[in-house]
Amino acid sequence: QSALTQPASVSGSPGQSITISCTGSSNDVASYNFVSWYQQHPGKAPKLVIFGVTNRPSGISNRFSGSKFGNRASLTISGLQADDEADYYCSSYRSGNTPYVFGTGTKVTVL
Amino acid sequence: EVQLVESGGGLVQPGGSLRLSCAASESTINRYWIYWVRQAPGKGLVWVSRIGYDGRSTDYADSVKGRFTISRDNGRNTVYLQMNSVRVEDTAVYYCLRGGANYQFDDWGQGTLVTVSS
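So the protein lines, in turn, are chains A and B.
Using my numbering, read the first sequence as starting at 1 and increasing by one per residue.
Using my numbering, read the second sequence as starting at 1 and increasing by one per residue.
These aren't lab readings, by the way, just hints derived from the structure by calculation.
Careful, some of the hints might be misleading.
Claimed, not checked - Capping the alpha-carbon separation at 20 Å, the derived lysine to any residue pairs in SDA-like fashion look like this: (1) B/LYS43 <-> A/VAL108; (2) B/LYS65 <-> B/GLY55; (3) A/LYS107 <-> B/LYS43; (4) A/LYS47 <-> A/THR76; (5) A/LYS47 <-> B/LYS43; (6) B/LYS43 <-> B/LEU113; (7) B/LYS65 <-> B/TRP33; (8) A/LYS68 <-> A/PRO57; (9) A/LYS47 <-> A/SER61; (10) A/LYS47 <-> B/LYS65; (11) A/LYS107 <-> A/SER31; (12) A/LYS47 <-> A/SER58; (13) A/LYS68 <-> A/THR5; (14) A/LYS47 <-> B/TYR32; (15) B/LYS43 <-> A/THR109; (16) A/LYS44 <-> B/VAL5; (17) A/LYS47 <-> B/VAL93; (18) B/LYS65 <-> A/SER95; (19) A/LYS107 <-> B/LYS65; (20) A/LYS68 <-> A/VAL53; (21) A/LYS47 <-> B/GLY55; (22) A/LYS44 <-> B/GLY55; (23) A/LYS44 <-> B/VAL2; (24) A/LYS68 <-> A/THR109.
Unchecked claim - Partial list, computed: chain A residues near chain B (C-beta under 8 Å): (25) PHE64; (26) GLY70; (27) GLY96; (28) GLY105; (29) THR109.
Virtual Cβ for every residue (Gly too), placed ideally from N, Cα, C.
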C-alpha cells in the first residue's frame, strides 16, 4: 500500500502563500477527481479542508484552495496565519485492492 | 456534522483481540459509508477498512485482511471493528470516519489508542 508522495516540510512567513504537492500515479490522482486534503493539529483528529480536488467544505476559509494536473495535486494556503501551522495530508481514491491512499504528510511551519 | 465517538482501545498482548466501537450522534449515519483509519505514533494516516450503508459491503487494507472484521448495528447507530491476532505494528490511534460523496472523509471521531505490547 504505497503512499502518495508529499514534501516532508514547507514553511512560510505570515501573509505569504505556500503550496503543498501530492504526487500519485495513474491508479489514483491522475485518474480520479477524488483528491481531498486534511489538516491535523498536534494531538487532534484531522479535519477536512478540500474535497473533490477543488471544493471547500462549509466553514473552511477561502484561503485554502486545491488543484490538480496529471498525477500531481496541490494545496495552496494563501495569507498564511499562525493557526495554519499543522500537518497536512492528501488522500485519493485508488483503483485496485486498496480503494484509498493517503499522502506521506507535510509539516507546515509559520515562521 | 455528525459526532462520532470511538471507544474500546487499550493495551492488548500480541495475538490477542480487541473490539473498537464507533457511536454516532444521530441515526442519519445509517445513510453513509463508515471508515476506520489509523495513525501509528508519530506516523501518517493509513486507511484500514470501510463498510457500506447496510453492512453488506466491506473492504480491508491488505495489512489487516483476515484479522480484522468491520460491522455495523444501524439500530444502535454504531460501527464496530473486531481486531483479532493483533500485532505490535497494529499499535496506533484508530479513527472512525463518515464518508462523503467524493470519497472524502467528512467527519472524524477523536480517536481511540490501541497499544499492542507484551
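- Task: Just pull the numbers of the violated hints for me, sorted ascending.
- Result: Numbers 10, 11, 19, 21, 22, 24, 25, 26, 27 and 29 - these are the hints that the structure violates, sorted from lowest upward.
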